[in-house]
Every structure is written in C-alpha cells, then in structure tokens.
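J.: Given chain A, put chain B in place with the hints provided.
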Amino acid sequence: MHSSIRWRTVPSILVLLWSISWIWPVMGQTDPVLGLHGNTPRVFALTNARIVTQPGAVLEGATLLVRDGSIEQVGTGVTVPPDAVVRDLTGKTIYPGFIDLYTDYGLAAGTTDGKVNGATHWNSCVLAQRRASVLVAQDPPAAEDLRKAGFGAAVTFPQGGIFRGTGALVLLDRRRPNQIILAEDVAQAMSLWYRDGRQYPVSLMGAVALIRQTLLDTQWYDEAWTKFRQAGPGQTAPETNAALAALCPCVRKDRPVVMQVADELDILRVSKIAQEFGVEMWVVGTGYEYRRLAAIKETGLRLIVPVNFPKAPDVSCLEQELRVSLDQLRHWDFAPENPGRLAQSGVDFVLTTAGLRTRAEFLAKVRLAVRRGLPPETALAALTTKPAEWLGLSPILGSLQKGKLANFVVTDGDVFAGKTRILETWVGGDRFVVTQEPDVNLRGQWTFVAEVPDQRVEGTLKISGTEARPAVTLVVEAKETKAVKVTRQDRVLTVSLPGTAFGCAGWVRLTGIAEDKVIKGHGLLDDARRFTWRAESTAPAKSETAEDAAGSVPKAEFAVVYPEGAFGRSTPPPPPEALIIKDATVWTCGPEGILSPGDVLIKGGKVAQVGRNLTAPAGAVVVNAAGKHLTPGLIDAHSHVAIRGGVNESTHAVAAETRIEDVLDSDDINIYRQLAGGLTTTCAIHGSANPIGGTYAVLKLKWGALPEEMLIRDARPGLKLALGENVKRSSDRYPNTRMGTVEIMRDAFLAAKDYRRQWQTYRQQSQKNRNLIPPRTDLRLECLLNILDHNMLIHCHAYRQDEINAMMEIGNEVGCTFDVFIHVLEGYKVAAEMKQHGAMATTFSDWWAYKMEAYDAIPFNGALMREQGVLVSFNSDSQELARRMNTEAAKAVKYGGVPPEEALKFVTWNAARHLCLEQRLGSLEPGKEADFVVWSHSPLSTYSICEQTWIEGRKYFDLEEDRQLRVQVAAQRARLIQKILDESHKARKDQDTTPEKPAHSS
Amino acid sequence: MKPKTQRMVRIVVLAIHATAFVASAQIPASSQRQPIALVNATIHPVSGPALEAATLVMDQGKIVALGTGLQIPPQALQIDLKGKHVYPGLIESHSLLGLTEIGGVDVTNDYAERGDLNPSVRAEVAVNPDSEHIPVARANGIALAAVAPTGGLIAGRSALIMTDGWTWKEMTLRAPLSMMINWPAMRMGSDDDEASGQQRDRARTRMDVLDKAMEDARAYQTALESPRTNERTPRTDVRWEALVPVLRGDLPVWIRANSLLEIEAALSWAHRHRLRAVLVGGSDAGYCTDLLRERGIPLVVTSVLSLPDRRDADFDEAFTLPRRLHEAGVKFCIAAGSASNIRNLPYHAAKAAAYGLPKDEALKAITLYPAQIMGVADRVGSLEKGKDATLIVTDGDPLEITTRVSELFIQGRRIDLANKHQRLYDKYRQRYQPALP
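As you go down the protein sequences, you meet chains A and B in turn.
With numbering that gives the first Met the number 0, the residue at position 492 of the first sequence is 491, and numbering never jumps.
With numbering that gives the first Met the number 0, the residue at position 349 of the second sequence is 348, and numbering never jumps.
The following block holds chain A by itself, in its conformation from the complex (with noise of 0.2 Å):
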C-alpha cells in the first residue's frame, strides 16, 4: 500500500534502474474517434545527413529512419523503404533530441496550488503525494519553447512544498496529458527554501528539520505497516499518510529525490541529509558551483545545472557601482566558466532550461559555456544521454539508435557553434519546424534590369541582411541608393527605394517573386507609370549560419578564492611548523597571569610553552611583539554570525529539532570583520523567538574553510532556551504569558521522560514480539532527551530574576542544570541562587531598557554575580559588537571593578567554560589550541588595534595583508569594471550600426 508506484506496460528486455513504469506513446486509445479517422503513414527516411547518434559518434551521409515514432534504421548503408517519405538533408545535422529533467511543464506555480484534502501530512509543505501525472495540463507554450531549444522530452515537477510530488516525463508535442507521459513518479522533487507564509518552517535550519523528520517518519511508516500487516490483529494501526506513502520508494532507494537549492553551500547541506538517509538524490544547481567546487565534486551527488548567466551588472556611474559587489562582479566573469569547470572536475551533471528569464536563451548560453570551456560532446551528453541515463530510460531516448524513441532534432550546422538554427524538433517521430528555411534565398549580388518607360536602368541588387528581414541596395553607376522600406513574404519581396536611379524625384516601389536565381518584378514611378524589371543572381551569399563565431575565448579575469569575492583567500592561512611571539605582554588568562614581556611558542597548532626568553626552535617563525600585547583569541559565547536562513524557527513554541550545524553560512563577510576584532570562536546560537529553540553550534572562525571545517565538531552540543517577552509575543502560539512559559517548558522535558519510557518498554517487549510497531522517532523529544541525560548543555536567554529561578526549579525537578543562562540582565538579583544551581551567566555589558524587561538592566551586573561566585562572560548578539569584545570587558573594569585580568576572562576563558571547552580554548597554556591575538595596546585601552589573529598556528588576519586585499580588491573591481563597460559599449555600437531595421532616411 505503501508504493505508488504503477507498473504498466515494462518491455522484459529491459532492466530499468529505477522502478519507473513506461510507455509508448500512442495515438488516444481510449479516446472515441469524432469525425473521421486519421490515419497518415508516419514512415520517413531523413537522408545525406550528418547524424550524431550520440556524443562523439557521428555519421556522415547517414539516413535515420523513422516509422511510426521510433527509429527504425541509422546509418550509411540504410535501404529507403519504397513507403517513406523521403527528405533529403544535405548539409544538415541530426542530433538526439534533448531532454529536460526540471521543468514545470503544465505545472507552473501557482497552477496545481489550493487545499489537498485526504490522509494528509500535518504541515502543509509535504505534499509527496502529488503526481505530475495526474496533475499535469497541457501547455503548449511550454512544449514549443523547448522543442525551439532543441527539447524533445522533459520531466515535469508540482510545484510548491517542500516536499512537492512524484515528477512524470513527457514528450513536447501537442497532445494531451494522456498521450504524451512516457514514465510516471520518476523522481520525488523537494525544494529547501520553499515557505508557506508563517507556517513551520520559517527558516532554513527549520527546513532541515523537517525534511529529517519527514523521511525518518517515513523509514518508520514504512516499517510500522509492515509490521502491522504481518501481526495480524492485535495492534492498533500506524496512521494512513498518503504523503509518507509516496516517500517510502524513496528511502528505500527505489525513487531519486531532485532538491531545488538556492546556493553552493547548500549543496554541502542536502548531501548531508542524502547520506542520512541513503536517499538517492540529484540537485538543481545555482550556477555558482564553480565556487565550491572540490567539496561539491566530494558529495557524489548528480547536479541538474543551469545556464543562468547573469547579465552584466550596471556600472554605469560611481553611486550605481557602490551598489555592487566584487563577488557579484566576479560571478558576471565565472558564471559561464561553470559548466566548464563542472565537467573539467568530473561532477556528474546534466543541463537544465530552468533558471532562465526565457528558455529562447538557452542555445546562446549553452553556446557561450562551449566557448568558455565546456567540451562540445559533455554538453551534448548533459542533454542527451546523460538524462536518459539517471532516468533509466536509455533503452528508448537520449541516442539515435535502432529501436528507440524518434525523438531527435535537425539543424544548420554544429548546435554548439555560431549561429546555428535549430531548424526542426522530431518529437515521438513527429516533425516540428522551428526554423521556416526559405527555399529561396535572396541575400547576395542580383544584376538588375529595369524597363522603365523611354530609358532602361541597370545596375546591381545587393541583398543583405536576413533571409527573413533582408536590406536592400541598388546600385546604378555606382551610386547607391537604398532601400528605406523592404518586406519579404516567402517569395515575395517589396521595396521603396528613392527615385533617382529612376530618374524622378520620387519615391519607386518594386514588388518582386523570387524563383531560384531570378526575381521577376513590376514597378511604380512616383508618377504611377508602371514598368518591369528583373533580377539575376550572380553571387549568392555564404549560408548565414555557416560562419562559426569562434573568435577568441575570454577566460575568467581572476581565480576562484573562498569565499568568493572581496577579502576572500585563495589558500588557508599556511601554518607554520613552529611560530614564535617574543616579547609581547602576554595575557595568559591561565594561571600565569601576565607575562610582561613574555614569550609564547606554538608548535602544530597548539601551544607548547609559556614564559619568558624562551628559545626558538631552528626553522620557527619568528613575531617580533615588542610593547604588543598578546591574549587568547576573543570567544563570543552568543553570536549569529555565519548562520544562513534565519536564526529563529519562531512557529512552534518548542523547536529542539533545528540545528545550527545545518545552516552556517561560512561565507558571511561578518567572520572577516569579527576576525579583525580578535574574536576567534563563537557559538552561533538561535535567537529567542520560542522558548525552545534548537541546538547550537560552536565555531572557529576560519575565513575561507566550508562550514563544516569551521564547526567545532566535537564541542559538546547545547539546546537554546528562552524566555521572557520574545517567546510570548507570537499571538498566535502558546505560551502568551511568562507562567506559560514556564508551562511550556516543563511540558516539553517531562514528554521527553515519557518518551524515553516509550521506547525503554518497545525494546523490551520487541524481543518477545518481533512485530511489534516501534514508537516513531522524535527528533524534537530525542534533542531534550539529551538534556535529561547530560549530553548537552542548556544556554537559556533570560532577562527577569522570576523567569530565571523558575527554569532553576523545574531544571532540579527534571534533573537538569541550566548550565547558562543568556543576557540575564537580573541576574546581579538572584546571583546567590544561580550559584547554587550551578549556572553560570553570559551577558551584556551594559545594554538596558530596549525593552521592558530590559529596564533593571545594570552594567554593574557582571561583576556583582561575579562577586557572588557565578561565572561570567559577557556575549555580543551583534554582529558589531562582535568585533570589539576587548573594550566590552574593560567594561567590567570600570562598573564593579573587576581586576583587568579577570575582566579579560568575560571574552575567552568564562566564555570557553560555558561552552564546555575550556580545556583547549580560553587560555594560553601549553596545550591548548593556538587561537591568539596580538593587540597595539592593553586590550582593555579603546586605542587598541587588533593587529593579528591567529586560529590553530594559523594567521586568519593580519593588519597588513588586510591592506594588501582592499588595493586587490580596489584592481579587481576596476578591472572587471572596464570589461563590463567595454562589452556593453561594444555591443551598443553593435547595435546601432546593426541592419536590423533599414534606416528611413531620403
């Protein structure tokens, strides 16, 4: 029950790789004959052409043949059947038809949308169990664009939801749904970004979770059903779920998953959840691959990409310029390189038209890719076999071989060069023309003869221009006149010239009919006399395709850094083997206190020993820190730095399922700035719109490192609380007041017991009954498990001193220690409390009555729960802050007189401690990790400059280098700026000087 899955009519010869069901497409055979039947021979030899079966085979003076929508024959030996039609093309090219795998093909948004009634999913944006199939239109618009690129068959997706519904292929000819799908439920289409107005999700981690949640509850339906079914009565039944129905092919690997992303990093994301689940998955691209591309390549994962090259950025004048960015600049340049360096990487990729403002710019920008470094023959394949391939349907489409679909298309010339047209699209052996060749063609030199009443005027036609649009010029003793008006309608062909070549003062009009090499016409004078004149064509033009725009080929200006874009670096910071700081003012913030001067040496990313005159091993680097200052990198124990999608999943009071580690954002040009401050660990944290709201992440700010290499992966992980105002502003959710806060929170850990003794009793009894129906996975009760069972820590965000000794009291009934609680602005008010709980407490230096419950805020509140023995920290929650933590904790100085050296430890040590890592992180002592900082002053004077940073014996910032990158930055910029303007300008003298319309002068 669970497979959605219809097998119809499977051909025995083939083995599919997906379990997709398949079928000719026939002629209506359900459908009543109105009228008389139609029953045209569909038996065509094509001959003398340049057949490219598939990539890199080509025959030359070949005849595909084609009989009743398959091909019968390829090659150069074919008998022509005496019941063809033949069409001989000469100088013409076959190739196979193309085939989109994401379209919307009758399903455009907004289509298919509106309430889905039945066993349902809870949440709105899993809608899995939607078919193309049944939903899809017909939608000749669509076919016809695509044919016009060259596509003969596509999959069409529902749009909508995350979870969107099963994709079906279809042919692009004009018949109806019925007749035109080739294979249903090909693959499940997902979209990470995909929001349904203020529904669960809002935010990308919230996405994440759901989609997690969604296919673990699939893994379970699918199991729970079996299970119940083999029992036999005794057990009450797992729910009816038509959306985890249609998953269950899914995590069984039975059907791929298409994941629509928005950027690269994304990428890096859904493999994540691929490898979860063992979910076969390919995902629509961005176009920005190229700047990934090692680690996107490391995924495995197929990537369906456009060519969604972006137009030029306006750069029109210095206020327009100050709107763009150098990555922006730099995409314009790279963009068409990414196909190219897809394929040169080995990523396993087809193309897709989707991402375009008009599929009609597909060719163009398939073309500039080829130019731009994508070999001719992997383009072919991303729109051919390729396809066919992760379709499983190679048997009948992507080549030109004996037995298959006749699915192909006819150009001028190669498809991706120059100008050439795609001239028809075979379509299940049906012909579409997409280009009306002229059987005539005019452009070129016509001797002409007129016989004009009392004189004869010859002279030479010079035909340019189109075939379609031709330009028209005479030429009567070498004096020119051209033609202010020329229409051509298949072989017809008017013009209003001047008179003079006529003799009269005028305007002359001609109408002429084309035959093969000679133009008869008549003509008015401007006195309406008639006369007779002739064309002969001495010198046709070269087809206006032939030419191949080969020209040179602009590479990208610069290479790739990571991040992309301004301050981004090519390479991670080299580390040295050895590194030496002499002489500096060392701010241990470890047990040996301040060393002035002292000496720190670093050896493979840890520190190896602290004191003074210390002596360098050979070959280590050597920083001379003399009247510097030197103290652990600065850790912000609250920050929303580098995290992508939102930082609040505000729409479910309790959201322990969302994760941190699943959005960072590592190319947040707030880790540069922050770096340059000296801040060198974070923990990127949810903000406080629900009173649970996931788990955090800590992270090492490592500037140009993928996400993943910035996260600190063995931090012991902790769940953000909150409380207060924040949580109870949602109207729409409880809790609206503090003791529903309360409430909430209670509620949430005492189902997370039960839960616990859900499963306890399952495994017991599971032994004895091996039917027996598992409880479902709860990823929201598994995270607060955690917490009950000490695996994670708890950082609560407080304000008032009532919420704070509530959380206190229901974490000593549940057996949990608030092991932090967050801003805590009274805090100073209940220290003594908080002491005894064992909680510690990050917070603002001063920041007060933004808020109500922010107006007994005081900035003596650090010291005075300090005084009473709570440690604390003070965090930034901004990102500008952020980068000036050192002169936060002289703060602590000045409101309670904290020593400066213990005011030092509320941006590093206190602030390692709350995060559980104050064994590697906090201090400079042997052993350690190496995160330092070297400041022009005292960190606590707001004269000091943060002049280095280093994050594990590695430099992520330096004052120089910093200034090295704003005059690259500045070169770069004006560089990409100059090719912007001049390829614009180019093209507008292009433009004018363009015969496009012929100029209506006299």
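Treat the hints with caution; some may be incorrect.
In silico BS3-like links for lysine-lysine, alpha-carbon gap of 25 Å or less [unchecked claim]:
1. A:LYS834 x B:LYS83
2. A:LYS519 x A:LYS478
3. A:LYS461 x A:LYS484
4. A:LYS91 x A:LYS147
5. A:LYS605 x A:LYS581
6. A:LYS850 x B:LYS211
Here's a subset of chain A near chain B, in silico, CB distances under 8 Å, partners left out [unchecked claim]:
7. THR92
8. ASP144
9. LEU317
10. THR537
11. ALA565
12. SER569
13. ALA675
14. ASP845
15. TRP846
16. LYS850
17. MET851
18. ASP855
19. LEU863
20. GLU879
21. LYS893
22. LEU939
Some chain A residues near chain B, calculated using beta-carbon distances under 8 Å [what the hints assert, rightly or not]:
23. ASP326
24. TYR671
25. TRP847
26. TYR854
27. ILE857
28. GLU982
In case anyone wonders, no lab produced these hints; they're calculated from the structure.
No experiment lies behind these values; they were computed from the predicted model shown.
Note that the Cβ used here is the ideal one computed from N, Cα and C, for glycine as well.
T.: Below, chain B alone, put in the same frame as chain A:
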C-alpha cells in the same frame, strides 16, 4: 560598650538610608551660590594645551579664571583635584534623550510624530526631566545633549538640553537648535532594471513633497512679510511658520542622509533652497569630502561604531570616517545616537582615534566641535574664561573606558552622579551582605 556599638550601627544604617534616599531622588542642583575653585588639577581646556597643577575658578555658573598660580577668591569652595583631570562636559549631538524611556514600550516613545511634514514640533517640550536615562548619561560625563525628532520627511525642531534641571525649560540651553530632515532613500534608476526605476520614481515623489513644502513655506513668508491689511493678513499655518526661520537662514537644517547619492541630492536640495545645512549620518561622506568642504557643510557622524554598509568595504570603514574627514578638512563632530547608551559617546570618539584620528581631535569631536556646529561655542565645548562652567572631573583620559568620572558641573552646579544603575547595584549588594548582628 554595647549601647554605643548599637548607636553606631544605627548611625551607619541611617547614613546608608540617607544616602540611598538622596541617591534615589537625584535632586537637581540649585544654581551656583558661591565661587568654586578646582585646584591642583590637570586641566584640559580642549581649545588649548593642557595645564598641569592648574586652577579653575567658577562663579555664577561661568568660568571666571583658569590657569596656574591664580589668586583664589577667599570665599571660594576649594576642591583639591590632585591627580585628577578636568575636561569640558561632553556633548552628545544627536540623541533621543528624554524622548524615550523603554524602546519596546510604545507609549514611552515620543520622538516620531506622524505624517511627512512636522516642521513645527519641538523636541524640548517632550523631554521628561525624570527620565532614568538622563542621570545614567551624565554619570559618564555627558553634560549636554541635542535631542532631535525623527518622524516624517521634515521631522521637527531639535533642541540642546543640559542633563540636569527640574523642568525641560530649565534644562534647555538652545531651542530651536535645528530643523531635522530625513532624506528619502534613493537609488539611481537604471533603464534596464524595473525595480530600480520604481525606486527612483518613489524617491522623486518624496523629494517633490520636500520641494513643495519649501515653496509653500516661501509663499507663507512672502505673505507674512508683505504690507498687511485686515483682508491680507495671512491665516496661521504652524508648519510654514516654523519653516520661515529656516528660509531666512536663521535656523539650520540638519539632514539625515547616508549614501553618496542621497548626500549629493540632499546638499543640492539645500543649495537650491538656500538653506544652511548640516549633514547627519553621512556614512558615505568619505566619497564626497570635496563637496562638503567646498560648501562648508559640517557633518554629525552618527555611526563610528557600525558595520560597513557594503560587502566590499574595509572592515574599519566606519571607524576611519572621522580620520578621513579630518584629513580632508571637513568639519565634523561625533555622536552616539539613541538614548540609553549615550554614556558611551567617548568610546565612539576613541574608536576613531584608535583608527587614526588624532586623540585631541577625537576629544574635540565630542566637546568643542559639536558646540561650534550647534553655534553654542561661546557658551560650552571648551574651558575658557567667560564660558559656562560645564565640566567634568576624571581620573584619566575620558576616552578610556576604565576612566571614571567623579564630578560633573553644569553651569557651576555640582551634579549628583547617582543613577538608577548605581542605585540597583547598591540595593542588591545589600542582599548579599552577611546579615548585621
């Protein structure tokens, strides 16, 4: 012995209570009744070099003498400031002080009037002298603050207030100070980009509103200044009435604009209407220092401690703006903005100093320069004979966070530096004191 101890305890307790009472009330100081001489201090006039072991005498609210080896009037109260430093009171030049109490509680916010055109509203009349923000600010040396409305295109008239007084009338040093203008968000329209074209048109519509207001006010002024008869006396329009001093050049416009395009448009608008202009914000001012210098437009920098607006910008773009203005010869002062944390004003200046602005310029940017830009340099902003005795006493450089402000005098009045924060600190320390026997 025992009764005596008890008595002493009682005295101590009473003393604590008395202090607590005085502290919580924060009684505004009465006007100066006797001369006060600050002696043995390092005095930083800001307008000139520092004077070691110097004396400053104030009387009747004014500085009457300043220097070394001065004759101290016999009736003067002498305060020995050995080891201490005297600076002018700090001036915040763009704030909401007294106009807001709790940002998140709407009913406590009185700075943004509705509608586009609010030239008549006056900031000073809504300043709450009992706002808890005022004592918090002055405890760190903020003696004066410009308070400026924010609502609409023409937001209303700002005022310069002193951070002590029973009523707003007593607190006001200069009102009106300026007419506040919020320049509309702009974008250079591009022909091939629909969105930017729309934004250009929206901005044009907003600028038309500003232009129309100036034209209407001009008409009002003409009517007002023409000979009157009973029939021809114009009926009152309080909006245009408030703009007449602006048109006459008596009251400057302070225009909030940040991006280059907006700054250029705003200055050209002010030029077209012949207005005296001060630019507020100006985060892109570094791109048009020539324009600012040529037109003599001063800048109130409101964003030293902020992130760059653009991805490609230098990380310290905002930190270095004051240095770049200084090097280009553009007049500027530095403001902290908002209300609750204008006590951090000196640290905005300090950040600019850390990133290249000479230290003495940084100090001037929060004392003398704002006074000059506001046209009150004859009264405040530096320590000079004849100026208001508005000054602070510190134990070091006021631009360093760790420095403490120990005294504040406003017009010779010795100000209570207690405040809500100190009060709560004292209160809750009591909670943790071991119980008295």
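J.: Could you run down the list of hints and mark each one as holding or not?
T.: Against the structure, the hints:
1. A:LYS834 x B:LYS83: violated, 39 Å
2. A:LYS519 x A:LYS478: holds, 23 Å
3. A:LYS461 x A:LYS484: holds, 14 Å
4. A:LYS91 x A:LYS147: holds, 16 Å
5. A:LYS605 x A:LYS581: Roughly 16 Å separates the two Cα atoms, so the pair holds.
6. A:LYS850 x B:LYS211: Between A:LYS850 and B:LYS211 the Cα gap is close to 38 Å, so the pair fails against 25 Å, i.e. violated.
7. THR92: violated, 36 Å
8. ASP144: Since the shortest Cβ distance to chain B is 22 Å, the answer is violated.
9. LEU317: A:LEU317 check passes; min Cβ-Cβ to chain B is 7 Å, inside 8 Å.
10. THR537: violated, 43 Å
11. ALA565: holds, 4 Å
12. SER569: violated, 17 Å
13. ALA675: holds, 4 Å
14. ASP845: holds, 6 Å
15. TRP846: This hint holds: A:TRP846 lies near chain B, its Cβ roughly 7 Å from the closest one there, short of 8 Å.
16. LYS850: For A:LYS850, the interface hint holds, since the closest Cβ of chain B sits about 3 Å away, which is under 8 Å.
17. MET851: Where the cut-off is 8 Å and the nearest Cβ of chain B is about 6 Å from A:MET851, the hint holds.
18. ASP855: holds, 6 Å
19. LEU863: holds, 6 Å
20. GLU879: OK, holds: A:GLU879 within 8 Å of chain B, min 5 Å.
21. LYS893: This interface hint holds because 5 Å falls under the 8 Å limit.
22. LEU939: holds, 6 Å
23. ASP326: holds, 7 Å
24. TYR671: holds, 7 Å
25. TRP847: At about 6 Å, which falls below the 8 Å cut-off, the nearest Cβ of chain B leaves the hint on A:TRP847 intact, so it holds.
26. TYR854: Status holds, d = 6 Å.
27. ILE857: holds, 4 Å
28. GLU982: violated, 14 Å
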